[in-house]
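Modelling step: build the complete structure from the supplied sequences, incorporating the hints.
Going by the working numbering, 88 is the number at position 87 of the sequence shown; the sequence numbering is gapless.
Because the hints were derived from the structure by calculation, they are not lab data.
Please note that a few of the clues may not be correct.
Ranges of calculated distance between the beta carbons of each label pair, as one might list FRET restraints [what the hints assert, rightly or not]: (1) D128 x S40: 15 to 25 angstroms; (2) A63 x S106: 39 to 49 angstroms; (3) K82 x K181: 32 to 42 angstroms; (4) N45 x A127: 32 to 42 angstroms; (5) R160 x G56: 14 to 24 angstroms; (6) K82 x S177: 19 to 29 angstroms; (7) K82 x P49: 26 to 36 angstroms.
Each computed DSSO-like pair below joins lysine-lysine, with the alpha-carbon atoms no more than 30 angstroms apart [claimed, not checked]: (8) K181 x K133; (9) K93 x K82; (10) K82 x K133; (11) K133 x K88; (12) K179 x K133; (13) K179 x K93; (14) K88 x K181; (15) K93 x K133.
Owing to the predicted nature of the structure, the values given are computational and were not obtained by experimental measurement.
Ideal placement from N, C-alpha and C gives every residue a C-beta, glycine not left out.
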Amino acid sequence: MRVLALRNSGVVWLTLMAGVVAPSSEAVACGYDSPQSVSRGVLNWAYPDSLHVIGAISREVAARRLPLANFNRAGPDLFGKRFRATKTALEKFGELLRAASSDPSQLAFSLVLAEPVLWTRFEPSADGLHAKVHVASAEPGDLVLVTGEAVISEIALGRLAVGEASERGLIRFYGSEKQKSDFIGTYRHAGGQPIAKWARAMRRCRLPPSLSLTQFNLQEGIHDQDIAVRDGTGKPDGLCASGDCAGRRGPG
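Here's what the structure looks like:
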């Protein structure tokens, strides 16, 4: 409880510090606005050991399993091209989350990219979560994800699943155990396949909008001819064959 209280106070303190910099969250500086303003130490204080993701990412880059982050590339960011690419990746990440679950009751969460300390909040709407890029910090009570630019880019491109990124230490989670388990349960496979292929498969099975990945069994990722739909008991409920579903279309 004491750790959670300290973490919540850290969120409030970060928000207050951001308010000193600028009156509006949309105007808060990140590393893209001012590289000198980046304070990863503050991030690590509010979210203990969060900067371990940078070490994990560096190892993946050295092994050529991840590209270099836009923010870490040499030379100036002419015309904000790198920032726009990062913003697009965050928005695509939001699309993947909506493909995994369009349930409007999904809880909001916040994500920070460790290199530029760029905050994004994913907020619920009628069709699922949408990204609000470049906010001041997390809201009190939010689940917080700490990760890196290249990680989000690879997930957005369908080359890295959220669950795998977590297992490799490329994403760290801060919140209650329920928040963390719910997020991983719902979005574990997001990013394991390009979004267009995933969306086609989901439509082909005609799954109800409220069906999340916690009720979905992916046999080694999403395949057009190999998707097992689970019922409420968690048991296989038929296979989705090419062109149609052999079993029922989800619970009910």
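So, going through the hints one by one against the coordinates:
1. D128 x S40: 15 to 25 angstroms: With Cβ atoms ~36 angstroms apart, the hint is violated.
2. A63 x S106: 39 to 49 angstroms: holds, 41 angstroms
3. K82 x K181: 32 to 42 angstroms: For K82 and K181 the Cβ distance comes to about 34 angstroms; the hint holds.
4. N45 x A127: 32 to 42 angstroms: holds, 37 angstroms
5. R160 x G56: 14 to 24 angstroms: 21 angstroms Cβ-Cβ, so the 14 to 24 angstroms window holds.
6. K82 x S177: 19 to 29 angstroms: violated, 38 angstroms
7. K82 x P49: 26 to 36 angstroms: With a Cβ separation near 34 angstroms, K82 and P49 satisfy 26 to 36 angstroms, so the hint holds.
8. K181 x K133: holds, 21 angstroms
9. K93 x K82: holds, 17 angstroms
10. K82 x K133: The given pair, whose Cα atoms are some 18 angstroms apart, holds under the 30 angstroms limit.
11. K133 x K88: Holds, at about 9 angstroms.
12. K179 x K133: Holds, at roughly 24 angstroms.
13. K179 x K93: holds, 25 angstroms
14. K88 x K181: Since the Cα atoms of K88 and K181 sit roughly 24 angstroms apart, the hinted pair holds (cutoff 30 angstroms).
15. K93 x K133: Cα-Cα ~12 angstroms, so holds.
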